[in-house]
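J.: Same order as they appear, the protein sequences are chains A and B. For the first sequence, position 146 matches number 146 in this note's numbering, and the numbering has no gaps at all. For the second sequence, position 22 matches number 22 in this note's numbering, and the numbering has no gaps at all.
Hint data in this document are derived by calculation from the structure and do not stem from the laboratory. Source: prediction; values computed, not measured. All C-beta atoms in this analysis are idealised placements derived from N, C-alpha and C, irrespective of residue type, glycine included. Treat the hints with care, since some could be wrong.
Facing chain A, a subset of chain B residues (Cβ under 8 Å, in silico) [what the hints assert, rightly or not]:
1) 48
2) 50
3) 52
4) 54
5) 56
6) 92
7) 145
8) 153
9) 155
10) 156
11) 160
12) 195
Chain by chain, the residues:
There are 2 protein chains.
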Amino acid sequence: MSGAQRTGADAEAGAGATVGGLGEFSLLARIAGRFAGAPSPYGPGDDAAVVATPDGRVVATTDLLAEDVHFRFAWSSPYDVGRKAATANLADVAAMGAVPTALLVGMALPAETPLATVDGIVDGIRDECAPLGARVVGGDVIAAADRVTLAVSALGDLQGRDPVTRRASEAGRLVVVGRLGWAAAGLALLRAGVEDARFAPLLEAHRRPQPPYRAGPALALAGALAMCDVSDGLLGDLRHLVESSDGGAEVDTALLPRDPLLDAAGAQLGIAVEDWLLSGGDDHALLAVLPPGTGFAGGCDIGWLRPGTRAGVRVLGWDTGGREGHAHFGGGPG
Amino acid sequence: MSGAQRTGADAEAGAGATVGGLGEFSLLARIAGRFAGAPSPYGPGDDAAVVATPDGRVVATTDLLAEDVHFRFAWSSPYDVGRKAATANLADVAAMGAVPTALLVGMALPAETPLATVDGIVDGIRDECAPLGARVVGGDVIAAADRVTLAVSALGDLQGRDPVTRRASEAGRLVVVGRLGWAAAGLALLRAGVEDARFAPLLEAHRRPQPPYRAGPALALAGALAMCDVSDGLLGDLRHLVESSDGGAEVDTALLPRDPLLDAAGAQLGIAVEDWLLSGGDDHALLAVLPPGTGFAGGCDIGWLRPGTRAGVRVLGWDTGGREGHAHFGGGPG
Chain A
1 MSGAQRTGAD AEAGAGATVG GLGEFSLLAR IAGRFAGAPS PYGPGDDAAV
51 VATPDGRVVA TTDLLAEDVH FRFAWSSPYD VGRKAATANL ADVAAMGAVP
101 TALLVGMALP AETPLATVDG IVDGIRDECA PLGARVVGGD VIAAADRVTL
151 AVSALGDLQG RDPVTRRASE AGRLVVVGRL GWAAAGLALL RAGVEDARFA
201 PLLEAHRRPQ PPYRAGPALA LAGALAMCDV SDGLLGDLRH LVESSDGGAE
251 VDTALLPRDP LLDAAGAQLG IAVEDWLLSG GDDHALLAVL PPGTGFAGGC
301 DIGWLRPGTR AGVRVLGWDT GGREGHAHFG GGPG
Chain B
1 MSGAQRTGAD AEAGAGATVG GLGEFSLLAR IAGRFAGAPS PYGPGDDAAV
51 VATPDGRVVA TTDLLAEDVH FRFAWSSPYD VGRKAATANL ADVAAMGAVP
101 TALLVGMALP AETPLATVDG IVDGIRDECA PLGARVVGGD VIAAADRVTL
151 AVSALGDLQG RDPVTRRASE AGRLVVVGRL GWAAAGLALL RAGVEDARFA
201 PLLEAHRRPQ PPYRAGPALA LAGALAMCDV SDGLLGDLRH LVESSDGGAE
251 VDTALLPRDP LLDAAGAQLG IAVEDWLLSG GDDHALLAVL PPGTGFAGGC
301 DIGWLRPGTR AGVRVLGWDT GGREGHAHFG GGPG
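All chains, full assembly: derive it from the sequences and hints.
T.: Here it is in structure tokens:
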């Protein structure tokens, strides 16, 4: 899609223009034009894209994000929603120890969705990928839905390394890289209507998470025995590691990465910061099991995991109300 | 997911059970259990799947299908909807000359969706992939939507061949492999409430298209200069080939693959069969440009395409009402 064509598509759509006013092909052309950073010989625009996989394997994942479930336009700009939609997939790729290379983007849109909203989402997705060297290579759009629903798939390159799964075969230290509880605190502040400027970094963390993408391949290089991203809350995702490893784990609450801003927000809302740290999702921190004695710059030691013990999760220094075990918690959709 | 776990998930959900009654993880486990044909070391169940790409490249495509836009449960069983959702992607992969290897499946479901509906869709997707050697390696599900919306992404293997794009660099014969107009005739019969048993093959063609998947790689091997699948109707998709090639094409209506059953349905409904042949979508036939003198068993010669002439599309033997040119037609969403 050339710049000239993009201008043409824009000209069709003045201020106040909506998805319903544009045909499918015009809408696709408009979106492809905004995604086109580096031109590609194949896709968008053909039946399918062709993506290089020099490693001989490709990491692949998909996620759905729906308006009023995973985001609200009252609280997030379309641009932030786009970045967030890319984030969930890019973090999943990083959590396998891989580098993201390509995204496919499906959008189901109500007919009355303003084109400016679509543009914002598209730009957000593009800008979240670009610094990682990944780009959008294809997609689909339908103007039929009661809410904006985004279906993003991501591909990634293992660069010759083994994938790091959720299953640890040896005991190791539990290490967190990235933030815990920031996005949850931001969401709690928005829900309570508190938009105090001093909490701006927390609100920003909800609107635009900043996962430590590059730490994924780095943790793999450092010999990580298992890894996942923290999208359902630390305890929920730790449970996945523990169950996959038939193991036991211990987390010391006093060791969790804590910030004075979280404490201030907790005090303001009367919420225990530990709940955010242990159960808050959406920051997409990386949770890894590292061999004893292995250091990782920027990582925070929070406990240990031992496979094969079937001992479940034990939390020191905080009463989680029994939620640390194998019981199902942490949520249905919504 | 083991058989024992699947039984557990089934036990949770008796007759009449719905998506809303099950948590996200239980629903994902149930779906993963049904998809699990051949066990995989990675995914479903990890942050992402790992798919082999021995060719060093991967073909990737994504499509959205929404209830009451692309299918209706009044006319199609959940199982047929699942097969159809896989079909669109598998045909896109075949149209690049590639062999499908893996699918990612996202489902946005109303909370009141019966679990039996989900099971049917999942089984349909699985069974459409299996004969091709492809399988579902990952997915996501959310219980938030006003209609069942399926987001399927497919990956494919070029097996060392160049991808066959929509752009022809040399002139050649236009060849169709597969059916034209069958699905459109079936849909017209359903809309008119005609479910006469003699038209069963047409109704079936709408409910469960049968694209000539294996002809994709075979046409590539035969030296196809350009190719696409016919999902928007022959003229609509031919226009994509012609525009991508800055070319001209001629189609002779008398040469299109026609069937007495189509004629009978057209006579019954008072619809010209040519409209179905030229503009009916959803059969996912393959439309290829083959070098002059190249034969292809099972292919139907319908005309020619010449790149670089900017002559547009000319249809012989039928008045298309001017729709054969470069004007935008063939449909917005829905």
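J.: It remains to establish, for every hint, whether it holds in the given structure.
T.: Results of checking the hints against the structure:
{"no.": "1", "hint": "48", "result": "holds (4 Å)"}
{"no.": "2", "hint": "50", "result": "holds (5 Å)"}
{"no.": "3", "hint": "52", "result": "holds (6 Å)"}
{"no.": "4", "hint": "54", "result": "holds (6 Å)"}
{"no.": "5", "hint": "56", "result": "holds (6 Å)"}
{"no.": "6", "hint": "92", "result": "holds (4 Å)"}
{"no.": "7", "hint": "145", "result": "holds (7 Å)"}
{"no.": "8", "hint": "153", "result": "holds (4 Å)"}
{"no.": "9", "hint": "155", "result": "holds (6 Å)"}
{"no.": "10", "hint": "156", "result": "holds (7 Å)"}
{"no.": "11", "hint": "160", "result": "violated (13 Å)"}
{"no.": "12", "hint": "195", "result": "violated (26 Å)"}
Checked against the numbered hints above, the structure violates hints 11, 12; every other hint is satisfied.
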